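These protein sequence lines map, in sequence, to chains A and B.
The first sequence lines up with residues 0 to 320 when you count with numbering that gives the first Met the number 0.
The second sequence lines up with residues 0 to 252 when you count with numbering that gives the first Met the number 0.
Since the hints were derived computationally from the structure, they do not count as laboratory data.
Fair warning: there could be bad hints in the mix.
Simulated pairs of lysine to any residue, SDA-like, Cα-Cα distance not exceeding 20 Å [to be verified]: (1) A:313 - B:231; (2) A:296 - B:249; (3) A:185 - B:149.
Now the stretches of chain A that chain B is said to cover, found in silico as 3 or more residues with beta-carbon under 8 Å [what the hints assert, rightly or not]: (4) 135-146; (5) 253-262.
Since the model is a prediction, treat every value here as computed from it, not as a measurement.
Glycine is no exception: its CB is placed at the ideal position from the N, C-alpha and C atoms.
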Amino acid sequence: MSQDIFVIIEHLRGQVSEISYVMLAGARQLSKSTGGNVSAVLLGQNAQGLANNLAADKVLYLDHPALAEFTSNAYELALVGLIKENSPRVVLLGHSSIGMDVVGGLSINLGLPMVSSCRSFTADGKYISQICGGKIMVEGELPGPTALVTMVPGGYKAELGQSAQAPALTSIPAPALDNLRVSLSKYIEPDTSDVDITKEPILVAVGRGIQNKDNIELADELAKALSGAVCASRPVVDQGWMPTTRLVGKSGKQVKPKIYLALGISGAPEHMEGMGESDTIIAINTDPNAPIFNVAKYGAVVDLLDLTPILTEKIKQAKGG
Amino acid sequence: MKIAVPVKFVPDLVEELNIDPSGTALDTAWLRLIINEFDDHAVEQAILLKEKEGGQVTVITIESEGADDFLFAAAAKGTDQLIKLTGDFSHANNHGLARVYADILKELQPDLILTGVQAHNDLDGSVGPLLAEQLGLPYVGYVAGVSVMGDKVIARKEYSGGLVAEIEIKLPAVLGIQASEQPPRYIAYSKIRQVMGTAKIEEKTVAALDLSGGTTVSRMFQPEVAQRATMLEGGTDEVADKLVSIFKELGTL
Chain A
0 MSQDIFVIIE HLRGQVSEIS YVMLAGARQL SKSTGGNVSA VLLGQNAQGL ANNLAADKVL
60 YLDHPALAEF TSNAYELALV GLIKENSPRV VLLGHSSIGM DVVGGLSINL GLPMVSSCRS
120 FTADGKYISQ ICGGKIMVEG ELPGPTALVT MVPGGYKAEL GQSAQAPALT SIPAPALDNL
180 RVSLSKYIEP DTSDVDITKE PILVAVGRGI QNKDNIELAD ELAKALSGAV CASRPVVDQG
240 WMPTTRLVGK SGKQVKPKIY LALGISGAPE HMEGMGESDT IIAINTDPNA PIFNVAKYGA
300 VVDLLDLTPI LTEKIKQAKG G
Chain B
0 MKIAVPVKFV PDLVEELNID PSGTALDTAW LRLIINEFDD HAVEQAILLK EKEGGQVTVI
60 TIESEGADDF LFAAAAKGTD QLIKLTGDFS HANNHGLARV YADILKELQP DLILTGVQAH
120 NDLDGSVGPL LAEQLGLPYV GYVAGVSVMG DKVIARKEYS GGLVAEIEIK LPAVLGIQAS
180 EQPPRYIAYS KIRQVMGTAK IEEKTVAALD LSGGTTVSRM FQPEVAQRAT MLEGGTDEVA
240 DKLVSIFKEL GTL
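Work out the full structure: start from the sequences and follow the hints.
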């Protein structure tokens, strides 16, 4: 049993994911109340170089061919042994396609409690999680003996999790990783034939409030009038109303346009992850409590279906005159 | 191929959420529950696989407002077996749910278990991976697309930035569905009513839930707003005029 905080470093194809730095920054703050060191846990193959800019007291590195790229099965097996032997006070993982694949298994396998969607820690070491699409916050003591915590971005700046000085690295022998039932066949590159929404200065984004596929045209017209492009939140893409190339958010693109006009988007954390850094966010939503109004510079509580055609006309007039 | 889909219901976020007097939980008095949308996608993905590969689909839920309607709708869409677990779920967490689902799935012995990758009210992990470990099965989440190849499935797993990985998983396995290959199908109420006459919901009572592995909440609150948007008041026409002025100010017009 120690007071150390383990941060499971996420990386894909030789690149450390931003959430890893966010977690290191969070761990740094949390360690002030828990005491103990911040250990970055890096799993990979010939991946020592990825540790160079991690802001951690030390790096525990496990090297194995089966850990070259992330798969849930191999990662879980490697982490079970490491956590059992070291009994850290807290283990931080991303609330992501990587962390969420392994944390549940670790919890059941090791009989350890877990906390999801943690955004930040209080000065006295409590977790604060955001749930219900960002509408509800939850605070509580980190359960013991070892709390397995998945973190969302937003609470800490990634820069604070980076360091110019490479931390000390300790190689830990990896366990036997045989008879794996999950393997990576290949990566499929994102489709680049469509408009690259990450390069567009003006984005008209549509969410669930667009109601059906036919109404996408309203947003198209508006985008055209503004010389911008249309993008969408997850529900719109899942309905097949827009292609995945236009998806903004956690599992889609991260965009930083000059203007982000959000039509009928409530602003779930998964979406905010993709557009929170936009210069000017303007939100249109019929729900006055929609979390999107908390990040927007301007907002209006009107129905996008009423507003959009009128706005398009007025913009055309303004341009003509 | 036998496919099972355990689902759960979550608060409808369209409705206003209130905190109860204890300050540690949502006020359930006015809470409207709806199916976790990722679970809805999991049901659709199961039906799509059945249509392609043949087999049988079982949908399992705990009792909840709307549970019967959801199960009958699932039957009308093409699922074969409907199971509703009854008991006291008022303080259920996902660790507890995963354990009761695991018990029933041990009896059913499906080849493939599909669940929603997450739910918006998860506070102790998502059901899928907890369930997989209970059953000693592999788990892969964030899946949007599944195909079967003999004793394996190929899953399209999504990472941020639009990157997709093709992952091979040996069956039996649990997958966390992010999105079905086609959006969940619409089903006319008349069809659901037809099914209600013939489809049977099997009820199974479960004992008190084992909630260990979850977490405790000392305070629940609505987020403090650091900086709320400047709200544009007025009717649609007025709001449109104000937006045009803003676009001009920002130099886009």
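Hints versus structure:
1. A:313 - B:231: Within the cut-off at roughly 16 Å; holds.
2. A:296 - B:249: holds (12 Å)
3. A:185 - B:149: The hint holds at about 19 Å.
4. 135-146: Held - the stretch 135-146 of chain A has 8 residues with a Cβ nearer than 8 Å to chain B, which meets the minimum of three.
5. 253-262: holds (count 3)
Violated hints: none; the structure is consistent with every hint.
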